[in-house]
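Student: This is what each chain is made of:
There are 2 protein chains.
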Amino acid sequence: MERIAEGEYAVMEVLWDEAPLTAADVAARVPENKGWSLATVKTMLSRLLAKGVLSHEEDGRRYLYRPAIRREDYVAEESGRLIDRMFGGRVPALVAQLAARDKLTPADIAEIEKLLKELKS
Amino acid sequence: MERIAEGEYAVMEVLWDEAPLTAADVAARVPENKGWSLATVKTMLSRLLAKGVLSHEEDGRRYLYRPAIRREDYVAEESGRLIDRMFGGRVPALVAQLAARDKLTPADIAEIEKLLKELKS
DNA sequence: ACAGGTGAATTACATGTGTAATCGACAGGG
DNA sequence: CCCTGTCGATTACACATGTAATTCACCTGT
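Same order as they appear, the protein sequences are chains A and B. Just so you know, my numbering puts the end of the first sequence at 121, numbered straight through with nothing missing. Just so you know, my numbering puts the end of the second sequence at 121, numbered straight through with nothing missing.
None of these hints come from the bench; they were simulated from the model. Accuracy of the hints is not assured; some may be wrong.
Which copy? The list can't say, so a pair holds if one copy fits it or any two copies do.
[To be verified] In silico lysine-lysine, DSS-like type, Cα no more than 25 Å apart, as pairs: (1) K103 / K117; (2) K103 / K42; (3) K103 / K114; (4) K117 / K42; (5) K120 / K51.
None of the values given here were measured: they were computed from a predicted structure.
Model the full structure from these sequences, guided by the hints.
Tutor: Right, here's the structure in full:
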């Protein structure tokens with residue numbers, strides 16, 4: 001699966017949330033804090049098409065875009081990549097990291113424990 | 001803190017593991033599967049210096065390079081960034097992801113549970 | 001004293017990315 | 001039927017990155 005750049009990822013998020021959409025619709029839904037023009041969004045859509053992570057169907061003179069890969073798959077790949085690079089592939093090392101940095105609230109801890117307990121059953 | 005590119009990160013890893021080192025030493029320690037020439041490694045060292053994540057001291061005609069940022073800090077920042085982007089900042093969502101993908105061995109689960117239990121005390 | 005090796009600095013060049021502007025086709029309103 | 005707005009496609013351009021080669025200075029052995 002092709003890598004998706006950070007900016008492009010924001011476009012994918014829009015389409016994972018709702019699809020199919022026209023280029024204009026995507027632009028309207030991209031977080032405003034990006035400050036992208038419609039032209040910029042169109043460039044990203046083209047590049048994502050070229051990467052094969054989007055598909056489009058014609059709708060008259062326009063295209064309707066939709067994701068060609070599943071969000072979970074992409075997210076799994078990216079997080080796996082990070083865990084491999086930074087934690088030698090060891091998930092517990094990541095969790096230890098987060099713990100050491102106080103990134104885990106008591107609620108997080110409870111939730112994770114619940115998840116793990118269910119996993120074992 | 002400046003972003004570090006993936007290739008550059010491999011150089012940082014070498015220096016986090018052992019420092020200070022000369023450029024030649026770094027090149028010798030970079031994983032061979034990268035297939036980098038000495039020149040390439042020197043380019044990376046310069047860029048990392050420019051980014052302020054390395055420092056160097058003169059040793060006669062050569063430089064000795066050493067990290068100027070701590071590995072934990074960088075790793076924390078990068079993993080935080082990924083968790084924010086892909087999981088809305090929710091660590092349990094990440095763990096759920098890993099679980100759904102069978103990325104957690106029973107040993108991992110046990111280890112994480114132990115970590116969490118200690119956290120609560 | 002000079003040649004060759006070695007160091008950093010400078011330059012190179014293709015590709016990816018962020019961020020558009022412009023172009024040419026076409027459709028719909030007057 | 002023509003103007004104007006809207007589409008996607010093409011082009012633009014600067015900066016980052018991967019991957020070096022080249023240059024210039026200096027040290028060391030003959």
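Student: Confirm or reject each hint.
Tutor: These are the hints, each one checked on the structure:
no.	hint	in the structure
1	K103 / K117	both (21 Å within a copy, 15 Å between copies)
2	K103 / K42	neither (37 Å within a copy, 36 Å between copies)
3	K103 / K114	both (18 Å within a copy, 17 Å between copies)
4	K117 / K42	neither (45 Å within a copy, 49 Å between copies)
5	K120 / K51	neither (38 Å within a copy, 45 Å between copies)
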